[in-house]
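Trainee: For reference, the chains in residue letters:
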Amino acid sequence: MEGRNTQIVYFGPQHPGVPGNIAFKLWLDGDRVVKAEVIPGFLHRGFEKMMENRTWEMNVTLSYRFCVEDPDHLEIAYAMAVEDIVNANIPENAKWIRMIQAEMGRIASHLFWSHFIGGSIGLRTPAYWAVTAREEILKWFGRIAGHRVYHNLSVPGGIRYKLPADFKEHTLKVLDFVEEKARDVEEALLKNSVFKARTRNLGKLTSEEALMLGVTGPVLRATGYKYDLRVNAPYLNYDKVKFEVPTGSIGDAYDRSVVRFKEIYQSISIIRQALEEVKLDEPLRIKIGLTIPPGEGVARVESARGEYVIHIISQGGRKPYRVRLRSMSMPLLTTVVDYILSKEEITIADFPVLLASLDPCPPDLDR
Amino acid sequence: MATQTLIKSLKYLFTTPYTRLVPRKVKPFKTEKIRGAHILDMNKCTGCSMCQQVCPAACIDMVQVEGNYPQNPRKRFPRIDHSKCTFCALCVEYCPVGALSMTTRTGYELFTIDKNTTLKSPLELCRIEGEVTVTKEDFVVGITPVKLGEVPLKRGE
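Line by line, the protein sequences are chains X and G.
Numbered continuously in this note's numbering, the first sequence closes out at residue 367.
Numbered continuously in this note's numbering, the second sequence closes out at residue 1157.
For the record, the hints were derived by calculation from the structure and aren't laboratory data.
Remember, it's a predicted structure, so these values are computed and weren't measured experimentally.
Among the hints, a few may not be true.
[Unchecked claim] If you want the ones that stay clear, here's a sample from chain G, every Cβ over 12 Å from chain X, calculated: (1) D1081; (2) N1116; (3) C1126.
[Claimed, not checked] Using C-beta positions, here's what the derived DEER-type ranges look like: (4) G:V1132 <-> X:V9: 51 to 61 Å; (5) G:R1020 <-> X:D166: 17 to 27 Å; (6) X:R272 <-> G:V1097: 33 to 43 Å; (7) X:H170 <-> G:I1007: 28 to 38 Å; (8) G:K1030 <-> X:G41: 35 to 45 Å; (9) G:R1020 <-> X:E282: 30 to 40 Å; (10) G:R1127 <-> X:H15: 41 to 51 Å.
Where is the CB? At the ideal position from N, CA and C, for every residue including glycine.
Put together the whole structure using the sequences plus the hints.
Mentor: Rendered as structure tokens:
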């Protein structure tokens, strides 16, 4: 690559087109990006090792700290993995509330993503409306869990806090507000001719290619492959609610955007169904001791970016022996970007749009 | 299509800004269960160090305070470093006597120019201003499960 007429440009981590704290080394031929090399490590804190040195109850506060946009799925997955070791059956009520928490997190994450892709194209106005809707969700979390971004609501055994008396009414009010804003953003963003021109036929993937590259989540579903853990391997009470799995057709950046917006409406529908099942006066948590017996626990959840797996090995006692996290963004930032660049002609102007359409979370890659 | 978008945009043109001018115009957003600075009840604390044990950020130290505290024979109370604290409320949840609680004092109200002032001694923790929001009663007490897969091992086994 070096000997040819190429130019090397360092892209990020301070560049506004980069989705977070990550950098790329780009080889440019004219304005075409020929090759990209990820430069990770700006947020590396060694989460897996840190979790081995903290006790079971402390690890809850650590389990979600590597993805700001979508922390709820990570927290729920940790709690589910610990429950898997002790074979605990948590109360039904806690399962419904976890589902509401997870879907609220998914909506907030997708709305925040529309801000990123709007910014990378230059369509900031509808993106600001989306952030307004996300802000309402964060305020809702502030009321339910005490904090806006890192909630610490699901712990091994169930739900940690008592719920307010007007939980259902408040949640329905927030959902109505969010749905109205999401429809406005969809109208102004997805039907905009500039957005269509910039995202159509950009970063195409077929189902076979996506599976080969290890992609899950909305990027895989946009290729037309119907795979969602909530349907294919249901956890919590996802088998008791009715919802559709939105899929795309050709798997380009526009399809991914459409799939994400459709997922917002499906999540709203799931929350409305789950709210009917929540009983505020029933138990929310079971007692799980401070020590966990020897064993292994695995939890898989469908997070906003794809499949997230956590594997915990316990040798008994107060701390886990080994924690392994399968990140959602690892294939998106490494293999997918490489593959698309080798196959398609991507210019330097389209590179941020491609990155934003994949919706990776760099801290999750670094951990 | 474009007209629809224009109508939506016009709707937003005549709305007031969503953002709020903090702290010049309004107070920061606070909920009734927000987790802010800790408040310590020195008449309840027995100095058992449970808060220090469960703190994931290791921001709690136990220090000695002179005075008459009959329930606390060694006179050891928690000292909390607010610059390290993540406000996860594990100390509040696991305190066996409910001596620690959390208040509405949060956000920019905790900012200081001198890092030494974030280290709150037990006597300072008693005098934290703000309404009490999260107490031990706000946490759900777990029911004993009917059948848990295996009985957890005791420490040291």
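Trainee: Look at each hint and say if it fits the structure.
Mentor: Against the structure, the hints come out as follows:
no.: 1; hint: D1081; in the structure: 16 Å, holds
no.: 2; hint: N1116; in the structure: 26 Å, holds
no.: 3; hint: C1126; in the structure: 22 Å, holds
no.: 4; hint: G:V1132 <-> X:V9: 51 to 61 Å; in the structure: 55 Å, holds
no.: 5; hint: G:R1020 <-> X:D166: 17 to 27 Å; in the structure: 23 Å, holds
no.: 6; hint: X:R272 <-> G:V1097: 33 to 43 Å; in the structure: 42 Å, holds
no.: 7; hint: X:H170 <-> G:I1007: 28 to 38 Å; in the structure: 30 Å, holds
no.: 8; hint: G:K1030 <-> X:G41: 35 to 45 Å; in the structure: 37 Å, holds
no.: 9; hint: G:R1020 <-> X:E282: 30 to 40 Å; in the structure: 37 Å, holds
no.: 10; hint: G:R1127 <-> X:H15: 41 to 51 Å; in the structure: 47 Å, holds
The earlier numbered hints are all upheld by this structure, with none contradicted.
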